[in-house]
Amino acid sequence: MSRRPIKAVAIGASAGAVQALQAILPRLPVGYPLPVVVVVHVPSDRSNVLLPLFQAKCRITVKEAEDKEPVVGGVIYFAPSDYHVLIEADGAFALSSDEAVNYSRPSIDVLFESAADAYGPGLVGVILTGANHDGAAGLKAIVDAGGMAIVENPVGAYASAMPEAAIEASSAATIMNLDAIASYLSSLGTA
Amino acid sequence: MSEKIEDLEIQLLLEALFQRYHYDFRHYARASIKRRLIQARDQLGFASISALQDRVLHDPAMLPRLLDYLTVQVSEMFRDPTYFRALREKVLPHLRTYPSLKVWIAGSSAGEELYSLAILFREEGLYDRTLFYATDINPEALRAAEAGAYPIDRIRKFTENHQKSGGRSSLSDYYTAAYGRAVFDKTLRDRVVFSDHSLVTDAVFAEMHLISCRNVMIYFDRALQDRAIGLFRDSLARKGFLGLGSKESLRFSAHATGFSDFVPEEKIYQRREL
Ligand SMILES: C[S@@+](CC[C@H](N)C(=O)[O-])C[C@H]1O[C@@H](n2cnc3c(N)ncnc32)[C@H](O)[C@@H]1O
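Residue numbers (my numbering), protein chains in the order written: chain A, 652 to 842; chain B, 19 to 292.
Hints listed in this document are in silico derivations from the structure and should not be mistaken for laboratory results. Treat the numbers as computed from the prediction; the structure is a model and nothing was measured. Virtual Cβ for every residue (Gly too), placed ideally from N, Cα, C. Mixed in with the good hints there might be a few duds.
Examples of chain B residues toward chain A, derived with CB under 7 Å [unchecked claim]:
(1) A47
(2) T89
(3) V90
(4) V92
(5) R240
(6) L242
(7) G248
(8) K265
(9) F270
(10) S271
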């Protein structure tokens with residue numbers, strides 16, 4: 652794997668997300684240098700139940716992304732329910748209540764496409780388990796901008812449709828199981 | 019490389035829209051504007067943003083179609099019911115003490131937020147002494163707001179939200195269903211002024227007791243947010259109220275000190291005297 656300077660990690664997950672993220676996020680070490688932005692498809696009328704769960708389990712700060720907030724390293728940001736999260740070229744979040752994309756708000760594609768624009772080759776995009784096709788176009792945008800694409804191995808995934816669609820859209824994606832994704836992301840920036 | 023050209027084209031198109039039509043999107047949050055312009059380019063069948071610009075400069079009929087992409091028309095009646103419940107339980111008791119009231123719904127889209135407030139004020143016995151201003155920059159949206167007709171399949175969600183907001187009546191008391199549409203009672207707009215007004219380029223026009231501006235500010239950059247919040251402050255009567263969207267706040271605003279938290283979890287603020 653090339654040693655380009657990585658600036659941010661973007662993760663998308665749907666059905667089975669909680670389990671998959673539990674295998675990854677708690678392993679990120681104290682002093683982790685990168686921002687990690689996570690979109691999970693959750694029902695729109697519920698406040699984000701994932702926050703307290705991951706705040707309790709993770710060693711670095713976990714919070715909800717806020718409009719116009721600067722994106723900084725060492726923080727895991729979750730998309731708020733019912734809003735898309737985008738990243739501006741100046742490295743701040745922008746929320747939007749645009750139409751659902753792929754029946755989803757927040758949508759993984761919306762985050763990934765804007766993050767690809769903002770970070771170019773400095774972005775790692777990760778697609779995990781899910782039963783829809785969100786994130787496939789976004790992952791392709793990351794690859795096209797020179798970034799790195801990682802997809803959870805559909806064979807071990809709770810739901811394989813989303814990883815499969817991502818692999819089909821980006822043949823350059825690296826396929827890994829959850830354990831390998833966790834080690835790889837943990838190692839970023841510590842080398 | 020191609021990305022950078024696209025960014026330049028977007029910059030030029032926004033400048034063209036401003037110079038030619040005085041629609042100023044130059045300081046909107048760029049990432050979402052970009053997403054929507056690319057959508058417009060593809061769905062309207064142009065090969066590039068520049069081609070779209072050429073067309074909109076020469077053909078005013080293209081403007082409304084482009085505006086539909088640039089102004090996001092997503093709304094719902096009693097959207098975030100807890101916000102309307104907080105208005106009902108905490109703000110209206112204060113408003114009740116005034117003999118006459120003015121309420122401004124800024125960025126009112128197709129009127130869902132306006133009708134929610136009109137119904138709320140009627141249920142609480144304040145409608146008859148209130149004047150409502152519903153403003154937006156999208157003329158199509160203003161027309162839809164004035165018509166007050168929504169596809170019937172949206173009513174179930176509206177009804178559910180209304181109940182959750184503490185509704186004292188049945189939403190069906192306020193509309194009649196015909197030909198797949200629910201048409202809201204015209205007495206709900208007896209006391210409404212619909213008007214074209216931009217938070218970016220226009221000024222204060224009346225003194226308000228309550229301003230509700232939800233999910234508009236997120237589309238602005240920081241400087242523009244500050245302009246709009248300043249405008250709201252200057253438009254509010256002493257101790258007047260400002261309600262924002264659930265993910266909008268005054269926290270990063272230059273005017274934060276001009277307001278105090280009133281119901282922080284619902285983003286309801288009160289004008290503070292300095
Ligand atoms: C997402 S909708 C919000 C509708 C409603 N307030 C709600 O929260 O459900 C945003 C609205 O803001 C309007 N808007 C955009 N720019 C504006 C401006 N500069 N001044 C006034 N309204 C604007 C759009 O036309 C659109 O109707």
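Structure-based check of all given hints:
{"no.": "1", "hint": "A47", "in the structure": "4 Å, holds"}
{"no.": "2", "hint": "T89", "in the structure": "11 Å, violated"}
{"no.": "3", "hint": "V90", "in the structure": "5 Å, holds"}
{"no.": "4", "hint": "V92", "in the structure": "5 Å, holds"}
{"no.": "5", "hint": "R240", "in the structure": "6 Å, holds"}
{"no.": "6", "hint": "L242", "in the structure": "11 Å, violated"}
{"no.": "7", "hint": "G248", "in the structure": "16 Å, violated"}
{"no.": "8", "hint": "K265", "in the structure": "5 Å, holds"}
{"no.": "9", "hint": "F270", "in the structure": "5 Å, holds"}
{"no.": "10", "hint": "S271", "in the structure": "9 Å, violated"}
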